[in-house]
Amino acid sequence: GAVVSQHPSRVICKSGTSVKIECRSLDFQATTMFWYRQFPKKSLMLMATSNEGSKATYEQGVEKDKFLINHASLTLSTLTVTSAHPEDSSFYICSGGNPTDTQYFGPGTRLTVL
Amino acid sequence: GENVEQHPSTLSVQEGDSAVIKCTYSDSASNYFPWYKQELGKRPQLIIDIRSNVGEKKDQRIAVTLNKTAKHFSLHITETQPEDSAVYFCAASRGGNQFYFGTGTSLTVIP
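Residue numbers (the numbering used here), protein chains in the order written: chain A, 1 to 114; chain B, 1 to 111.
Be a bit skeptical, because a hint or two may be false.
Partial chain A-side listing against chain B, Cβ under 8 Å, derived [claimed, not checked]:
1. Ile93
2. Gln103
3. Gly106
Please keep in mind that the hints were generated in silico from the structure rather than gathered at the bench.
Heads up, the beta-carbon is just placed ideally off N, CA and C, and yes, glycines get one too.
Using the sequences and the accompanying hints, generate a full structural model.
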């Protein structure tokens with residue numbers, strides 16, 4: 001299957017700071033990648049669809065100015081949590097895959113905002 | 001949009017017994033149904049998938065069945081082992097990789 005990496009795996013930051021999370025497809029080109037948020041013992045909640053070369057598509061209820069997504073190349077999408085607050089603490093996972101194939105997930109990033 | 005429901009939310013079985021997890025979906029255009037296994041703190045891993053032109057698919061101890069008319073699909077794990085303990089998610093997609101996930105089932109296999 002396809003390989004997706006994510007960095008960092010864990011980040012702790014102070015309230016009010018911004019955090020950038022990178023998602024890379026290592027062995028395939030991804031015109032589309034997805035960002036999910038997962039709370040403890042909960043399901044994956046789709047936040048947004050990241051489109052290479054164009055604006056991301058956000059799910060209802062997700063603040064686009066809060067969660068900035070950039071998909072500058074076919075192998076890299078970034079999620080920036082701006083002015084992070086403790087309620088933004090969560091497990092963030094990206095995924096990607098070829099359109100006719102399944103999704104492959106990154107290892108996730110554990111964000112803790114103090 | 002698509003709405004995927006998953007039951008049960010928790011499931012405990014004795015080692016060697018079978019486990020069944022069921023999902024329903026609402027969008028009749030959905031045509032791809034993967035199942036993922038997620039261990040604590042790790043990424044979801046694809047364990048089996050089925051497309052809408054097939055009614056059943058099996059891979060060793062794991063099988064998935066699909067009823068398009070009723071819009072439901074199920075995961076069957078036979079001869080369960082302790083290492084099968086994890087959270088399992090179903091998902092539905094109408095193509096283009098956008099998946100909608102069920103709420104998850106926490107499976108515990110008791111040795």
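Which numbered hints does this structure break? Nothing - there is no hint that the structure violates, so all of them hold.
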